[in-house]
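**Student:** For reference, the chains in residue letters:
There are 2 protein chains.
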Amino acid sequence: MRATPSPGRVGDVRRQNLALILTGLLSNGQATRAQLAAESGLTKASVSSLVADLIDAGLVQESSVTRDGERGRPGTGIILNPARGALGAEINVDYLAVGVLDFTGQLRFHETLERHNRASRPGEVFTLLVTMARRAADAAQAAGIELLGGGLTVPGLVDTERDVLINAPNLGWAGVGLSAELQKLLPGSRFGVTLSNEANSAALAELWFGHGAMFHGARFKDYLYLSGEVGVGGGLVIGSELFAGPHGHAGEIGHMVVHPDGPRCTCGGHGCLEKFAGQHAIFLAAGIGGESTVAQTAHLLRSLAEGNVRATAAVEQAGHYLGVAVASAARLTNVPAVVLGGHFAVLEPWLGPALRRSLANYAPGLIPDGNIAFSRLREPAALMGAAGSSVRNVLGRSYELIS
Amino acid sequence: MRATPSPGRVGDVRRQNLALILTGLLSNGQATRAQLAAESGLTKASVSSLVADLIDAGLVQESSVTRDGERGRPGTGIILNPARGALGAEINVDYLAVGVLDFTGQLRFHETLERHNRASRPGEVFTLLVTMARRAADAAQAAGIELLGGGLTVPGLVDTERDVLINAPNLGWAGVGLSAELQKLLPGSRFGVTLSNEANSAALAELWFGHGAMFHGARFKDYLYLSGEVGVGGGLVIGSELFAGPHGHAGEIGHMVVHPDGPRCTCGGHGCLEKFAGQHAIFLAAGIGGESTVAQTAHLLRSLAEGNVRATAAVEQAGHYLGVAVASAARLTNVPAVVLGGHFAVLEPWLGPALRRSLANYAPGLIPDGNIAFSRLREPAALMGAAGSSVRNVLGRSYELIS
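The listed protein sequences correspond, in order, to chains A and B.
The first sequence maps to residues 1 to 403 in this note's numbering.
The second sequence maps to residues 1 to 403 in this note's numbering.
If you are wondering where the hints come from, they were derived from the structure by calculation, not from laboratory data.
Just so you know, even glycine gets a beta-carbon here, dropped at the ideal spot from N, CA and C.
Among the hints, erroneous ones may be present.
Stated by the list, open to error - Computed spacing ranges between beta-carbons, pair by pair: (1) B/127 <-> A/312: 37 to 47 angstroms; (2) A/368 <-> B/56: 45 to 55 angstroms; (3) A/368 <-> B/41: 41 to 51 angstroms; (4) A/130 <-> B/160: 46 to 56 angstroms; (5) A/378 <-> B/349: 49 to 59 angstroms; (6) B/187 <-> A/261: 52 to 62 angstroms; (7) B/356 <-> A/130: 41 to 51 angstroms; (8) A/312 <-> B/396: 52 to 62 angstroms; (9) A/240 <-> B/175: 24 to 34 angstroms; (10) B/241 <-> A/175: 28 to 38 angstroms.
Using the sequences and the hints, build the whole thing.
**Tutor:** Rendered as structure tokens:
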């Protein structure tokens, strides 16, 4: 849901300057007024005035700063207000999840409910998710965090303008309008709840909180993100932004064709990556049955640890085909790094070497070994990305909170 | 070679306004001063003053305009000056070519020399190309066209900042510095000769003079361009601009992996598209030998016309694997259209149906049949793109010609 920006009392130039200050804080975590002035090119007087407005609006607060290697008394730093936050919510094929992300990027509450949503109707799933979202909101309130907006992320193509889930083959859902449901997740919130694709959100979480984050050395600003779930989702990050493509649906790496004689896929195609590297495909190849993904994953990890030949071959096959897709994607887009999340991260010890061998075979020299990274964010990645988008949306419209 | 813009006497705002006028003329071919004012948002007085400067600089000229459905006396139109132009030059695996493109987008001179450059050293090839370029310059002079700049396009990765051919596997050239050679192609020209990748230039030619051009209805502003040569080159056009990728080397569609068990490629990888759809691969699969590409192509077309089974199967196999690559590329980038040039365009009657079947198999519904187009520009496409880039470069620096 997108509210149109209200003109308010704040002029265009001041809006831009507010954005400069907040972008500086998002990148650096904390900064003194002097540092904000130096980075933004604004005068110290301007920065002080803007910060005063942002403190009044509850978006930032003061904190004491001591920095290594600097002399003199500790300065007064500015940080984003940890008492403001956004709701993150996720519907996935075999779980529902909610979380509370505060403005400093900390996940302060997180709840997951394992559940087979593929067999369920949207209404049924949303009834559960609304209950979970209410618990998250209660937890936020108990922790003194005001939720200003939120994000719901789903494993499928979304129309973010009209709040429609266009198609989620692994859920069996298509053409589901979600405006009313989004509103129910966080009733009365100032900035509403926005809809996003799960892999795209996880890719952004990696950018903001993982391998793309400043405190990790800003290593990756151009990378391919692949998330192993029941299927395989993806996101293409170029110049530290999600590359959405001309119609907003770029990054469908799970449906790149990695073997022209491969099996039929839920997307209607054949030989897609997710038929070799998705969780279901790996469990199938490893001969691991069972009802619950958690149990199957535990079984797989046990088998791998024991050196079981079939399990090892299944994961190595996934790594091999991941290499085919990454080689093709890097040839096409010139993106020189790859980050693997979701179940790929859990399988790193077995998947990593197979992926590296595959890349050396299909695109030697294209992606240096050091540019292959595994996500450390684990399961909450996607909802952290969805909530993080909401935080950025709120901060981008900070002028609406300045009276 | 890039000269740094000189500050000159023209201020920033006027530079921007000059660019507005010239962009309008590039898009529409011709326009009256009133139309240019309406499109640019400038006053008629400003437009008249800018046009006067551009006429003095020799970049535009007046022409009489009559428009269907408009009453009154014919207006005076403004067109880009057909007596100004750029040199286009191309080194390819089995030919050299030069051409003269005037500012209105007409190819006024074109010469091709069939030749195996794979076995040649760069110096030897450039000696020939410089001679050809001189003939093109003479032809331009004879036609009263002043060449202000030029573009050289090559089948490999290029570093346009340093004028280096990084790698052209099908030529067997790597790490070749070309600054001096570029200068020799058009000695003393005002804006120099720039270096480009052949498939990228052909993709831009398609945008400016082919399926992306306004007079074709502006159908495609987002498309994948694939050029069949000895290898397979590509370009990704997004929002009517070439998508270069974070390091300038995007669009290597010929080296996307279309069969993981496919043969070794010149790039060092395996199963690349060009091992199935490049000219050499098709001739090999069709059992057509011979020394000359022209003779082999004629042989292939004769065999196809006669319904020869092996030739037909070879081209259908190429179409099949083109479908695999296009499906994967469209999934990843969300680009909804594809334009096929080079020898793919020549093979359209046999290649088209196979490609459509393949896309229906691998990515049903993703690319509508109407969004699969074959280039009509034929062989000069790449050098038209290279020369067209030079024309745009000159027009973008028009202020340097205004004294």
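**Student:** If a hint holds in the structure, say so; if it does not, say that too.
**Tutor:** Evaluation of the provided hints:
no., hint, in the structure
1, B/127 <-> A/312: 37 to 47 angstroms, "58 angstroms, violated"
2, A/368 <-> B/56: 45 to 55 angstroms, "53 angstroms, holds"
3, A/368 <-> B/41: 41 to 51 angstroms, "48 angstroms, holds"
4, A/130 <-> B/160: 46 to 56 angstroms, "54 angstroms, holds"
5, A/378 <-> B/349: 49 to 59 angstroms, "53 angstroms, holds"
6, B/187 <-> A/261: 52 to 62 angstroms, "56 angstroms, holds"
7, B/356 <-> A/130: 41 to 51 angstroms, "46 angstroms, holds"
8, A/312 <-> B/396: 52 to 62 angstroms, "57 angstroms, holds"
9, A/240 <-> B/175: 24 to 34 angstroms, "31 angstroms, holds"
10, B/241 <-> A/175: 28 to 38 angstroms, "33 angstroms, holds"
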